[in-house]
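Student: Sequence:
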Amino acid sequence: MLVIIVYVGAVAVLFLFVVMMLDINYSRFKHGFTKYFVIGLISGMILFVNMVFIIKHSATADLVTESKPYVSNVMAIGNLIYTKYMYIFHLSGVLLLISIIGSLVLTLRDKGNNIRRQSPDVQISRSPFVKYVDVKVRGGISYEDSD
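The sequence shown begins at 168 in our numbering and counts up by one.
What the hints contain is simulated information worked out from the structure, not anything from laboratory work. Treat the hints with care, since some could be wrong.
What the hints assert, rightly or not - Restraint ranges, calculated between C-beta atoms of paired labels, are given here:
no., residue 1, residue 2, range
1, N217, S266, 30 to 36 Å
2, F182, K202, 25 to 31 Å
3, G176, I221, 26 to 32 Å
4, L181, Q290, 38 to 44 Å
5, R283, N217, 20 to 26 Å
6, P287, L208, 53 to 59 Å
7, T250, R284, 47 to 53 Å
8, V178, V219, 44 to 50 Å
The structure displayed is predicted, hence computed values, not measured ones. Glycine included, C-beta positions come from ideal geometry on N, C-alpha and C.
Please model the complete structure; the sequences and the hints are all you need to start from.
Tutor: Structure (structure tokens):
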């Protein structure tokens, strides 16, 4: 059981780290909130009705099985994850990987002209406005005392 708690905690910390890296501008999202509110409300209601329907009509008699005394909870969950739900487990891992890569791409994309980049060719090139000047060494600044 402790292994599962550590795994879920690690995934939660990873998720929070990725969300914090996004640096989302919330004022932009508040502007378009009312435009999609009705669509979100309808899809949320459909999802809620589907969940209630599935919970009411699911067969709970098949879920209760006799537990064996030598099998721990962690071993039983591990057996289920790596046998019956192997494809779903791997797909969830791929989904986490894709979400992390997607958030990094969104974070590190070019944000327009706000990013200053160096151009070595322009820095090294010599234009006619640049000329070498012979400067006197140790010329210094003259200081006159006004006493």
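Student: Are the hints correct? Go through all of them and say.
Tutor: Structure-based check of all given hints:
At about 24 Å, the CB distance of N217 to S266 disagrees with the hint of 30 to 36 Å. F182 and K202 have their C-beta atoms about 27 Å apart, which keeps the hinted 25 to 31 Å range intact. In this structure, G176 and I221 meet the distance hint of 26 to 32 Å, their C-beta atoms being roughly 28 Å apart. Separated by about 40 Å at the C-beta atoms, L181 and Q290 satisfy the suggested range of 38 to 44 Å.
Range check, R283 to N217: about 50 Å between beta-carbon atoms, so the 20 to 26 Å window is missed. The hinted range of 53 to 59 Å is satisfied by P287 and L208, whose Cβ atoms lie roughly 54 Å apart. Range check, T250 to R284: Cβ separation about 52 Å, and the 47 to 53 Å hint holds. Between V178 and V219 the beta carbons are some 28 Å apart, a value that contradicts the proposed interval 44 to 50 Å.
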